[in-house]
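With the hints in hand, could you dock these two chains into one complex?
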Amino acid sequence: MRAAVIQFPGSNCDRDMAVAIRNITGAETKLVWHRTAELPDGLDLIAIPGGFSYGDYLRSGAMAARSPVMQAVIAAAGRGVPVLGVCNGFQILTEAGLLPGALMRNAGIRFVCRTVALTVENSQSAFTRGYANGEKVRIPVAHHDGNYFADSDTLDRLEGDGRVAFRYAEDVNGSARNIAGVLSAAGNVLGMMPHPERMTEAVQGGSDGRRLFEGLIHQIA
Amino acid sequence: MKTRIFVTLKNGVLDPQGKAIHHAIEGLGFSGVHDVRAGRLIEIEHEPGLSKSDLESMCTKLLANMVIENFEIEQA
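Keeping their order, the protein sequence lines are chains A and B.
If you count the first sequence from 1, position 97 lands on 97 in the numbering used here, and the numbers rise without skipping.
If you count the second sequence from 1, position 62 lands on 283 in the numbering used here, and the numbers rise without skipping.
Chain B extracted, bound-state conformation (with noise of 0.2 Å):
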């Protein structure tokens, strides 16, 4: 079974990365693009028992630093 957890930035936090992206695209010459944020897309392969709540719990120990990030479960 696979589960997907997206990593992103808390709101209110530059983010520098997304900001450089973002002159990039509009240095290839795209308009209309408004903002960039990067984040971390981690695919973990396991047993169909892993819980939601050892996932969340992987999360808030080591996948995102709740400091500031957020994550979401997405599972398959």
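Next comes chain A alone, as it looks inside the complex (with noise of 0.2 Å):
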């Protein structure tokens, strides 16, 4: 199994993101620079990690989603190849075109740093296998921007056809709908704005993000 992790200047969750899939499901991770027109061949998993790309610049993730790496990974994402993004990862890949919404400033206006509780409404997709429906996980978020807005016909679609892959057990954010992790309409993309590589051994707190990862080794491998 072989994984790549962007990394764009302000990335910060890069290399907890590559020792995550680097340790729970064994992939050869490589760590890519966002100037890189080509991404491995052969790869088996895409992750955009979290941080604040470009400085927050224009819109969260806006400059990022324009740099010459995101086409291969646009390309990567259109022939199956699992891509995940968390956080700026989420925002990156909404401004890139490869998930439907945008993520806004937090209602409240403040940075919100602290675990969580999230409701896994869809166990089916590849990331989220590992999980069963309904079931509620501790996972940690830490974002300005996090937000979910989407017009409510997109939302009724995404709904309506089980791409919500995660929701907040409560209000952490004003995201329409409680939304904190969507799916692409072919399964393959998911957003998130919690961090699951913060919770994968006991040492960070718990391990409810461990899954997530333990999941893809079955569908790739």
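Any given hint might turn out to be false.
What the hints assert, rightly or not - FRET-style restraints, in silico, Cβ to Cβ: (1) A:Arg114 to B:Gly260: 25 to 35 Å; (2) B:Gly250 to A:Lys30: 50 to 60 Å; (3) B:Asn291 to A:Lys136: 36 to 46 Å; (4) A:Gly134 to B:Ser252: 48 to 58 Å; (5) A:Thr154 to B:Gln238: 21 to 31 Å.
I should point out that these hints are in silico values taken from the structure, not numbers from a laboratory.
Here the structure is a predicted model, which is why all the values come from computation and not from measurement.
All C-beta atoms, glycine included, are put in the ideal place defined by N, C-alpha and C.
So this is what it looks like as structure tokens:
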């Protein structure tokens, strides 16, 4: 299994993400700089990590979404390669048009940094197959712009098609319908604000994020 | 030549920043303000030959997020 973690100027969860992928899935995991126009061959997973790419200039994720590497990520996603975007990675995926909607400033204006309860809404995807439908998990969030917005038709379609992967158990940031994570139509792209890579072993305060990575092993190998 | 591009949130999209600014205005003792919406002004210096459609294309591809924002182009 081979994985790539994309690094943008201002990414800061890239190494944590690479460690989580490497330790849990055993994948040969490469860090790939955003100026690279081509990705390594034969990737089984692409991760877009959290951070503050380009200092959140213009809009969170807006500049990174137009980086050279993103054309390769979009092409790989089109071929069915699993793409996981966490936090700033989720913002980048929406800005790149790989996922619908947008992530706006938290409704309370404040940066939210704490462990939150999530409900697993769809346990059928490549990323969530290690969880049970309706299961409650605890995963940390750390963001200023996590307030998910999409028009009500889009939200209805997402819910109807089972594309809401995770929902906050309570209002965390004003997100429409408490949506915390969204899948692409084909199901191989997941964007989520909470950080599963920060909850993979007891020393991190819990391991509820671990099964997301474990689920990918079986899917891919 | 200079063009000004105004990027604003679409109607119906909540604006937490505008709301906070509104509260701050009231906190300063000003009354009679009904609503505040915050946007972004982008000034572009360019060759006179740059077409309106190129400017529009810059807006839809980068300067505005069409899911939540509208833009207006004001040429001097």
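**Asked** Given a hinted range of 50 to 60 Å, is it respected by the beta-carbon distance of Gly250 (chain B) and Lys30 (chain A)?
**Response** Cβ of Gly250 (chain B) to Cβ of Lys30 (chain A): about 58 Å, so the range 50 to 60 Å holds.
**Message:** Looking only at beta-carbon atoms, does the pair Asn291 (chain B), Lys136 (chain A) fall within the given range of 36 to 46 Å?
**Reply:** At roughly 39 Å between Cβ atoms, Lys136 (chain A) and Asn291 (chain B) fall inside 36 to 46 Å, so the hint holds.
**Message:** Please check whether Arg114 (chain A) and Gly260 (chain B) have a Cβ separation lying inside 25 to 35 Å.
**Reply:** With Cβ atoms ~31 Å apart, the hint holds.
**Prompt:** Do the Cβ positions of Thr154 (chain A) and Gln238 (chain B) conform to the proposed distance bound of 21 to 31 Å?
**Reply:** holds, 23 Å
**Message:** Verify the CB-CB distance for Gly134 (chain A) and Ser252 (chain B) against the hinted window 48 to 58 Å.
**Reply:** holds, 49 Å
Every hint from the earlier list agrees with this structure, and none is contradicted.
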